[in-house]
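**Q** Whole structure, please, built from the sequences with the hints as guidance.
Protein chains: 2
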Amino acid sequence: MHFADRLLQAVETKKSPLCLGLDPHWALLPEFLKEDAAPQEAIVKFLCPIIEATAAHICAVKPQLAFFEVFGSAGFAAFEEVCRFAKEKDLLVIVDGKRNDIGSTAEAYAEAYLRADLPYDALTVTPYLGQDGIMPFVEKCARNDKGIFILVKTSNPSAGEFQDLPVGDELLHEHVARKVALWGEELVGKEGFSAVGAVVGATYPEDLKLLRQDMPQQIFLLPGFGAQGATAGDLKNAFYANGSGAIVNSARDILFAWRKEQKDEKDFVSCAVEACKKIQVELWEEIFET
Amino acid sequence: MHFADRLLQAVETKKSPLCLGLDPHWALLPEFLKEDAAPQEAIVKFLCPIIEATAAHICAVKPQLAFFEVFGSAGFAAFEEVCRFAKEKDLLVIVDGKRNDIGSTAEAYAEAYLRADLPYDALTVTPYLGQDGIMPFVEKCARNDKGIFILVKTSNPSAGEFQDLPVGDELLHEHVARKVALWGEELVGKEGFSAVGAVVGATYPEDLKLLRQDMPQQIFLLPGFGAQGATAGDLKNAFYANGSGAIVNSARDILFAWRKEQKDEKDFVSCAVEACKKIQVELWEEIFET
Chain A
46 MHFADRLLQA VETKKSPLCL GLDPHWALLP EFLKEDAAPQ EAIVKFLCPI
96 IEATAAHICA VKPQLAFFEV FGSAGFAAFE EVCRFAKEKD LLVIVDGKRN
146 DIGSTAEAYA EAYLRADLPY DALTVTPYLG QDGIMPFVEK CARNDKGIFI
196 LVKTSNPSAG EFQDLPVGDE LLHEHVARKV ALWGEELVGK EGFSAVGAVV
246 GATYPEDLKL LRQDMPQQIF LLPGFGAQGA TAGDLKNAFY ANGSGAIVNS
296 ARDILFAWRK EQKDEKDFVS CAVEACKKIQ VELWEEIFET
Chain B
46 MHFADRLLQA VETKKSPLCL GLDPHWALLP EFLKEDAAPQ EAIVKFLCPI
96 IEATAAHICA VKPQLAFFEV FGSAGFAAFE EVCRFAKEKD LLVIVDGKRN
146 DIGSTAEAYA EAYLRADLPY DALTVTPYLG QDGIMPFVEK CARNDKGIFI
196 LVKTSNPSAG EFQDLPVGDE LLHEHVARKV ALWGEELVGK EGFSAVGAVV
246 GATYPEDLKL LRQDMPQQIF LLPGFGAQGA TAGDLKNAFY ANGSGAIVNS
296 ARDILFAWRK EQKDEKDFVS CAVEACKKIQ VELWEEIFET
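These protein sequences, in sequence, are chains A and B.
My numbering numbers the first residue of the first sequence as 46 and each following residue consecutively.
My numbering numbers the first residue of the second sequence as 46 and each following residue consecutively.
Hints are computed from structural coordinates only; laboratory data are not their basis.
Honestly, I wouldn't trust all of these hints.
To spell it out: a stretch of chain A is covered by chain B in this simulated footprint if at least three of its residues, at any positions, have a beta carbon under 8 Å from a beta carbon of chain B; those stretches are [claimed, not checked]:
#: 1; region: 98-112
#: 2; region: 142-156
#: 3; region: 216-229
#: 4; region: 307-315
#: 5; region: 327-333
Distance windows between CB atoms, simulated [unchecked claim]:
#: 6; chain 1: B; residue 1: G213; chain 2: A; residue 2: P250; range: 24 to 30 Å
#: 7; chain 1: B; residue 1: R129; chain 2: A; residue 2: T58; range: 43 to 49 Å
#: 8; chain 1: A; residue 1: G213; chain 2: B; residue 2: R188; range: 39 to 45 Å
Example chain A residues on the side facing chain B (calculated, C-beta under 7 Å, incomplete) [to be verified]:
#: 9; residue: L73
#: 10; residue: F121
#: 11; residue: L174
#: 12; residue: S203
#: 13; residue: N282
Please read all numbers here as calculations on a predicted model, not as lab measurements.
For glycine and all other residues, C-beta sits at the position ideal for the given N, C-alpha and C.
**A** In structure tokens:
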């Protein structure tokens, strides 16, 4: 089944456009999990119970590769284990690797994360190298019913440093957006969305409106909600009236909810579930408010 | 010792600005190494003898992470082993990962590849996210005497699709170049070069001349030589008259030299050494020709 159709079906079934970001910052993990455990074990023991307990309330998980790579090959093995676990819980897995390269190297990255037998459904990709750095991923998506999300406008404060530079009568990120729309044209599923999606920071609500027009067939992956400052209302421009078209990432507010709530660290799972449910309801109500 | 000083010292000592690209394309590896061996073992058995035999003729190695990641955590373990081996042979290790992210995620990538105790000296980084995505790497370089190479103008045919877009009275990659010069200003070593270098495709010799002016303190990492079409003469604009200022990457022409020479695959090491020596002499003569 086509990646975009699978993702949108998950959103509808779960009544949740919420994607759980798996960012296991080592410094923020509960101390009791870190005692007497190798880092990779602590990460698995932290993430898997949260995934299991929140699976009914999220459409996907988005593991952030950097937090696994920091522990080298052992960390990478933990990443693989966590992803397999998420797939067993029937969740889509969007690998946040922001990979990019050209020719046979891009093919190797595509093979590494979009091969048919791997427990990953999609990968985030950076556009700076142009079409040569994108097409090997697009071809792999077409063959294996996988997806990519190309960085268009990121959520960080300095996103505009290059992305908002004026290029002719538009901004660089709008130019990239139109290319993304083009690159995804051949990969549209039954629901009208492409397997080639876009990363668009929720922190720039005005841009969301314009980018929705530039990329009508792209599913938007929206980072920046919550901890980075964007509210549920800010995201609305990314969604169509029927509630489709985007998913919202949240990591820290859920994973480390016990810290915010000043609860015992041993309650990290129940705190994560409560935070997750709250965000799910908030998003769902906001999207269908009108 | 400062990264740029270490790298330039290696170039001078070895009389070689040649960096050996470690791109172990699985399909191109000798068949006899692949029989009865797990992929990660075959990769180690292929790369380590080549590294050992060419070490006197190269200043650094540049492992391309994609070709290791394609075998997951086992491939990542092979990457670690190969890098440790290269360090034992007193080579600098430049990890070609083209990583990029923001805030704490960029910090995690910086920690993953630029931590003091790891067998890596530098990492390639993508600029699309702006300063937020660069500073965590720069800080780690300053603390641990490591380096980064930021993608400015890549060597691929579609490099210009975004990188050559006109931005005001300059092109995007020139704008990026000036930022790179700025980001690297505080990290200049004794020889006058920054630990923040730049990736500039050897396939665009005219750009090299302009970029040398825009980034006077950057060491250029030049991909695209040989298999991608650039000649030794094309690279000259990247070097200063005293022969410093750049290193040249070559992977396929050395690693898979026995294929080009139509020799027995069991002679892959001796063919690699011959190809490596030939390129070293060619580069050295061209740089000091005038």
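**Q** If a hint holds in the structure, say so; if it doesn't, say that too.
**A** Do the hints match the structure? See the list:
With a cut-off of 8 Å between beta carbons, the region 98-112 of chain A has 3 residues touching chain B; three or more are needed, and the interface restraint holds. Interface restraint, the region 142-156 of chain A with chain B: holds (12 residues with C-beta to C-beta distance below 8 Å; minimum three). Counting residues of the region 216-229 of chain A whose CB lies closer than 8 Å to any CB of chain B gives 4, which reaches the minimum of 3, so the coverage claim holds. Closer than 8 Å: that is the beta-carbon criterion, and the region 307-315 of chain A has 0 residues meeting it against chain B, so the requirement of 3 is violated.
By the rule of at least three residues with a Cβ nearer than 8 Å to a Cβ of chain B, the coverage given for the region 327-333 of chain A is violated, with 0 such residues. Range check, G213 (chain B) to P250 (chain A): Cβ separation about 27 Å, and the 24 to 30 Å hint holds. Against the hinted window of 43 to 49 Å, the Cβ-Cβ separation of R129 (chain B) and T58 (chain A) comes to about 47 Å, which satisfies the hint. At about 41 Å, the beta-carbon gap between G213 (chain A) and R188 (chain B) stays in the expected band of 39 to 45 Å.
Here the hint on L73 (chain A) is broken, as its CB sits about 9 Å from the closest CB of chain B, past 7 Å. Satisfaction of the interface hint for F121 (chain A) is found here, the shortest Cβ-Cβ separation to chain B being roughly 4 Å, below the 7 Å cut-off. A hinted interface residue such as L174 (chain A) counts as satisfied when its beta carbon comes closer than 7 Å to some beta carbon of chain B; here the least separation is about 5 Å, so the hint holds. Restraint check, S203 (chain A) versus chain B: the minimum CB separation of about 3 Å is within 7 Å; hint holds.
Residue-level restraint check for N282 (chain A) is violated (minimum Cβ-Cβ distance to chain B is 22 Å; threshold 7 Å).
Violation of the numbered hints given earlier is confined to hints 4, 5, 9, 13; the remaining hints are satisfied by the structure.
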